[in-house]
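**Q** From first to last, the protein sequence lines are chains A, B, C, D, E and F. With the working numbering, letter number 174 in the first sequence gets 174, and the count goes up by one each step, no holes. Position in the second sequence counted from 1, then plus 326, gives you the working numbering. Position in the third sequence counted from 1, then plus 652, gives you the working numbering. Position in the fourth sequence counted from 1, then plus 978, gives you the working numbering. Position in the fifth sequence counted from 1, then plus 1081, gives you the working numbering. Position in the sixth sequence counted from 1, then plus 1184, gives you the working numbering.
There may be inaccurate statements among the hints.
Unchecked claim - If the Cβ cut is set under 7 Å, some of the chain D residues that face chain F in the computed set are:
{"id": "1", "residue": "Leu1014"}
{"id": "2", "residue": "Gly1019"}
{"id": "3", "residue": "Arg1020"}
{"id": "4", "residue": "Gln1056"}
{"id": "5", "residue": "Ala1062"}
{"id": "6", "residue": "Ile1066"}
{"id": "7", "residue": "Val1067"}
{"id": "8", "residue": "Thr1068"}
{"id": "9", "residue": "Ser1070"}
Stated by the list, open to error - With a straight-line cut-off of 30 Å between C-alpha atoms, the simulated BS3-like cross-links for lysine-lysine are:
{"id": "10", "chain 1": "E", "residue 1": "Lys1166", "chain 2": "A", "residue 2": "Lys291"}
{"id": "11", "chain 1": "D", "residue 1": "Lys1063", "chain 2": "B", "residue 2": "Lys617"}
{"id": "12", "chain 1": "F", "residue 1": "Lys1269", "chain 2": "C", "residue 2": "Lys943"}
What the hints assert, rightly or not - Here are some of the chain D residues that sit facing chain E, going by a computed Cβ distance under 7 Å:
{"id": "13", "residue": "Val1043"}
{"id": "14", "residue": "Val1074"}
{"id": "15", "residue": "Leu1075"}
I should point out that these hints are in silico values taken from the structure, not numbers from a laboratory. Here the structure is a predicted model, which means the values were calculated and not measured. Just so you know, even glycine gets a beta-carbon here, dropped at the ideal spot from N, CA and C.
Given next are the chains, with one letter for each unit.
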Amino acid sequence: MAELIPPPILFFVLGAAAAALRSDLHLPESLAKTLSIYLMVAIGLKGGAALGTPGASEGLWGALGAGVVLSFLLPILAFALLRAASSLDRETAAAVSGHYGSVSVVTFATAIGTLNALGLPHEGFMPAVLAAMETPAIVTALLLANGAVRRHRNRASGPGAPTPLPVLLREVLLNGSIVLLLGSFAIGWFGGEPARAQFAPFAEALFPGALALFLLEMGLVAARQIRAAPGVLDARLFAFGLVMPLIGGALGLGAGLLVGLSVGGVALMAVLSASASYIAVPAAMRMALPKADAGVYVTLSLAVTFPFNVVAGIPIWIAAAQMVVG
Amino acid sequence: MAELIPPPILFFVLGAAAAALRSDLHLPESLAKTLSIYLMVAIGLKGGAALGTPGASEGLWGALGAGVVLSFLLPILAFALLRAASSLDRETAAAVSGHYGSVSVVTFATAIGTLNALGLPHEGFMPAVLAAMETPAIVTALLLANGAVRRHRNRASGPGAPTPLPVLLREVLLNGSIVLLLGSFAIGWFGGEPARAQFAPFAEALFPGALALFLLEMGLVAARQIRAAPGVLDARLFAFGLVMPLIGGALGLGAGLLVGLSVGGVALMAVLSASASYIAVPAAMRMALPKADAGVYVTLSLAVTFPFNVVAGIPIWIAAAQMVVG
Amino acid sequence: MAELIPPPILFFVLGAAAAALRSDLHLPESLAKTLSIYLMVAIGLKGGAALGTPGASEGLWGALGAGVVLSFLLPILAFALLRAASSLDRETAAAVSGHYGSVSVVTFATAIGTLNALGLPHEGFMPAVLAAMETPAIVTALLLANGAVRRHRNRASGPGAPTPLPVLLREVLLNGSIVLLLGSFAIGWFGGEPARAQFAPFAEALFPGALALFLLEMGLVAARQIRAAPGVLDARLFAFGLVMPLIGGALGLGAGLLVGLSVGGVALMAVLSASASYIAVPAAMRMALPKADAGVYVTLSLAVTFPFNVVAGIPIWIAAAQMVVG
Amino acid sequence: MALHARKRIEIVMEAVRAEQVTAWLDQLGATGWTVLPVKVGRGRQGLRRAGVPGGIFDNVVILCVVSDEVAERVVRHQEELLVAKPAIVTISDCYVLRGDRFV
Amino acid sequence: MALHARKRIEIVMEAVRAEQVTAWLDQLGATGWTVLPVKVGRGRQGLRRAGVPGGIFDNVVILCVVSDEVAERVVRHQEELLVAKPAIVTISDCYVLRGDRFV
Amino acid sequence: MALHARKRIEIVMEAVRAEQVTAWLDQLGATGWTVLPVKVGRGRQGLRRAGVPGGIFDNVVILCVVSDEVAERVVRHQEELLVAKPAIVTISDCYVLRGDRFV
Ligand SMILES: Nc1ncnc2c1ncn2[C@@H]1O[C@H](COP(=O)(O)O)[C@@H](O)[C@H]1O
Ligand SMILES: Nc1ncnc2c1ncn2[C@@H]1O[C@H](COP(=O)(O)O)[C@@H](O)[C@H]1O
Ligand SMILES: Nc1ncnc2c1ncn2[C@@H]1O[C@H](COP(=O)(O)O)[C@@H](O)[C@H]1O
Ligand code: NA
Ligand code: NA
Ligand code: NA
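Chain A extracted, bound-state conformation (with noise of 0.2 Å):
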């Protein structure tokens, strides 16, 4: 039994419980800003360096590839669904859909260290799919709300008058994460092997320990979400967090099969796809889409699809990509 959850995400429940008993348990606000920035950090060093290696970059056009594709058509989806099943307006259901279509870094991470407690490898330019995939999900978002943004933009001379899109591609691109993961990614592969070497006790022996700690942040603000926002989410919004994670993640699974990736490589398509933004996205259309209800898809993202990704998502996508991979 305890081989099969992995220690770090032990911490997550154990915030989310310490938040449901009420304790106050709080972490300083700029720990949780360090340990995602290490996370980053950490991440891309280990993706450059594995690039480095020879043959390392095979299938690495065909990832990026599928991975634009499904950030850019995930949301459609999303958002079909929450038409349909939903009562969403259409401003706030297109600003939830965008969500669904780019990418959880915490989520990513959790998965790297299931993978790597269980020995199984996977490429190393997941980093840079996981890069690729956070921002074209928001240009569809942003199509789908149309309607509304229109209107919006007659009075756009005020100060809280909605981004316009090219504004807001260049901020969400040059987004701290996304410089952060990438520039690291480079720094690690241009400094090869001496540099994996040098950064190793920082970057990979303290990995498991930093994850632990954000993921007890996690479970601590995911679950003061649920309560502060106690009628925010409706079943069919609920249901919608649930299900939607495993529609991604089937596409993802066939994605990572289809471009050829392997065992590890395939699983961590699917967590992708699966997974929903809550850092970079939510502020973003927060700028977009000012008329759109954060309440909830912060709430959906972080509170419902978020914490289901972590328990059950990645050891489910982890088994099927085992299976389907021959």
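Since the structure of chain A is provided, determine the placement of chains B, C, D, E and F with the ligands on it from the hints.
**A** Chains B, C, D, E and F with the ligands only, in chain A's frame:
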């Protein structure tokens, strides 16, 4: 000589010296919080993993029972001493005595560090004893302050009314530190050897460094506290801050012997009984006994008893344990 | 190629690029402070431990003396250059020159990291030389600003009056960084091999990772500072920021040779002389010479000289030291 | 035009008790409040510098914009507030945009 | 003597949009402004506690001291301000030393 | 009833000199003060964003509630205050509970 003083303690001396010389050395607030979170998690994980080895829970119940009894009774002793020998009012004396029944995590961590450096093993369940000793003393302190509290309760409607006992106990039991310590303990125990190995670079290798930084901060805080509150402690109170940990430690030593702990376990039991809380209990007393003088109890436990225990107490109790345990 | 650029320096480039592209990447303030505390402690501990090995203090006094003399005299040179070639007022020129006599800890740390990566040893006492060079330059700077300061002192009663020299020196000598560096040095020296071994995973294994994060922050800060103060530096001031470290470094190289240091020691002496303070001295100048233009000295030392030293200076001085030391 | 007279209440007090006061403001009918951190403060207790572990020397500033009725209620029930040992309670006049937000 | 009447504008709002408002204040002629962090706040949206990753529940307080003309301009153009969804906008009277700083 | 007229002094200035000002307020007879952190500010010096190592671009807000006499003393001795280069000094009217605290 150098072998007798564990290096992390030298950082306590450095911090105290820096503050005494009025250096502007400051650790960011969030670093201090992060370090205390780290110590909790590392102590918990290590204790839990140790408990998982065969036969390791032998003596657990005796030690827990002894700890709880000591935590309940030590405040009575402290209170009697204070009422006899100092001029503190009833409410402040009760608040102070609550601190001495409860425990200090960093004193415990320092003792663990010293035992490790000396190669002396101890029972893995001692972190659980630490957690068990945190709360009972608060109950005793409130009973001792009884009269004062009852008088207060009449205007209990305003926001400053003393917090009632059940609410307070709930809060203290669900206090962030306890949840973190016991949660990590459970995770270490449940995760077993794989979890220990995965977290070792984080939870074990970094322990002396993190402890050193935290003791640096404690040295700064203790010396500044002494200076900030020059008139707060008269000679009798100061003496109390040195004598009470000796009494507590001796009783803890006896209790450890009685329940049949090893040399390391007896030493830790003495250290726990000798130590005074300076995080959880001050906050609880501020809520429950608002009329008690916070300057007195914070200064006594933080600036007198804590340094005394770290510099003199720990070596004393380890030596004593080595003598008394056959 | 990859072997020539130490990987942590790539993080400086990443930070500068992110800021130049106007990415919103930000490190939490307390992380930057924590990293600088860490670097101080790690450098101090390592230097102290190295000093403890037999024969390691040979040459210490010569190096300390050379450092102090350089720190006293370099500002005179810088001041003469600035008065001759720029249009800065007397007080600002004096303030700037104080920065160039003093030293930059992170430049030193980066040089240490590069030497380690190249396998070049250096004298263990160099952190003490670093500490010795921090303050004398401030005295010289105040003497150079003399007239301006005297005029000011007449309305010394208000809260904004310039801080008098003795008070200032006391403050700088007891400045947090110096206390931490020298204190850790003393602890490393006193604790000897057992302390070194106990702290190694913290102070040695994590060093490259922590340095990389700090250089990331420095890259962000330097590039943003350049952009925030576009008109502050004219071409002559900019040239000064590149030429002065070359002059300082050459003098440091000579001094290192003169007192008979090893290749690594000579290189570090050159790096120290070439480097300009951007933490302790700006704060001191803000207090002592309130009329000097802080925009000028911060931008010069942080955004011109620091990057120049990190990217070009360190390799130059290491190569030069290898050539000149027989 | 478009400006409505309201009251600003600002309370400086220790952080550990702030939740009691905000809960009490809620009870008295405040439509909201904002809590700001404090770096350091001096008063009758001497210096209180934020950052001691446990946070017992942290102060906060609570800002609450209210209608005249709620302000009066606060003054009338000040006995209850005073048990929370606020260090400083100031009330001052201000104008707000969108008065409907502070009934 | 040496005191000049001016207006204090204080805006409580979400941190992610604060830059839009400060840029707008610049446009309207404010000579400066100051942004303070908020620990936690309550309003119509419920509790907003700082520190969620991404900062989308962070609030700030923007303080801007202005001349009467600028204050009037702010009130007159408030429609533009309101699209940034400030939670609370208060305007009050104050005196400043050195009035030349707030034309 | 139970309200006493006092003055609120608020000073925005760079953090490194704040201690000089609070010491000076002490000298002039203020019974206390509160220092709040600032995230970012703009003024004649351009943008000052907190967080540069060494803290030299950090600002603070100093809040000091005083009696009319102390406020007058502050205005009268403002020359001394101005050498500390406060960016903004505002004084406004307010009412406090428990006036005995601000003699
Ligand atoms: N006159 C005052 N003006 C502004 N803040 C004050 C004043 N007096 C006290 N404070 C604040 O209230 C806190 C507690 O005050 P006290 O309970 O009097 O020590 C102090 O640490 C200051 O932050
Ligand atoms: N009456 C009020 N007084 C002070 N601050 C308020 C008030 N109402 C709202 N706020 C602040 O404004 C933020 C957003 O308000 P809202 O948009 O109404 O949720 C809250 O989180 C509080 O920080
Ligand atoms: N009109 C203003 N209103 C509010 N804060 C201001 C104003 N002008 C300046 N400040 C603040 O004072 C700081 C220093 O101003 P200055 O010295 O003019 O650059 C700025 O960074 C702002 O935080
Ligand atoms: Na996705
Ligand atoms: Na005890
Ligand atoms: Na230099």
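**Q** Hint by hint, say whether it matches the structure.
**A** Okay, the hints, checked on the actual structure:
Annotation: Leu1014/D was flagged as interfacial toward chain F, and the flag holds, the nearest CB pair being 6 Å apart, inside 7 Å. The criterion of a C-beta within 7 Å of any C-beta in chain F is met by Gly1019/D, whose closest approach is roughly 4 Å, and the hint holds. About 5 Å separates the beta-carbon of Arg1020/D from the nearest beta-carbon of chain F, less than 7 Å, and the hint is met. About 5 Å separates the beta-carbon of Gln1056/D from the nearest beta-carbon of chain F, less than 7 Å, and the hint is met.
Evaluation of the Ala1062/D hint against chain F yields a violated restraint, the C-beta minimum of about 12 Å exceeding 7 Å. Here the hint on Ile1066/D is kept, as its CB sits about 5 Å from the closest CB of chain F, short of 7 Å. Interface restraint check for Val1067/D: the shortest CB-CB distance to chain F comes to about 4 Å, inside 7 Å, so the restraint holds. Interface restraint check for Thr1068/D: the shortest CB-CB distance to chain F comes to about 4 Å, inside 7 Å, so the restraint holds.
Interface restraint check for Ser1070/D: the shortest CB-CB distance to chain F comes to about 4 Å, inside 7 Å, so the restraint holds. Distance check on the hinted pair: Lys1166/E and Lys291/A sit about 10 Å apart at the alpha-carbon level, within 30 Å; holds. With a C-alpha separation of about 10 Å, the suggested pairing of Lys1063/D with Lys617/B holds against the 30 Å cut-off. A C-alpha spacing of about 10 Å is found between Lys1269/F and Lys943/C, which places the hinted pair at or below 30 Å, so the restraint holds.
Here the hint on Val1043/D is kept, as its CB sits about 6 Å from the closest CB of chain E, short of 7 Å. This hint holds: Val1074/D has a C-beta 5 Å from the nearest C-beta of chain E, less than the 7 Å allowed. Against a cut-off of 7 Å between C-beta atoms, the interface hint on Leu1075/D holds, since the closest Cβ of chain E lies about 4 Å away.
Hint 5 alone, counting from the list given before, is not met by this structure.
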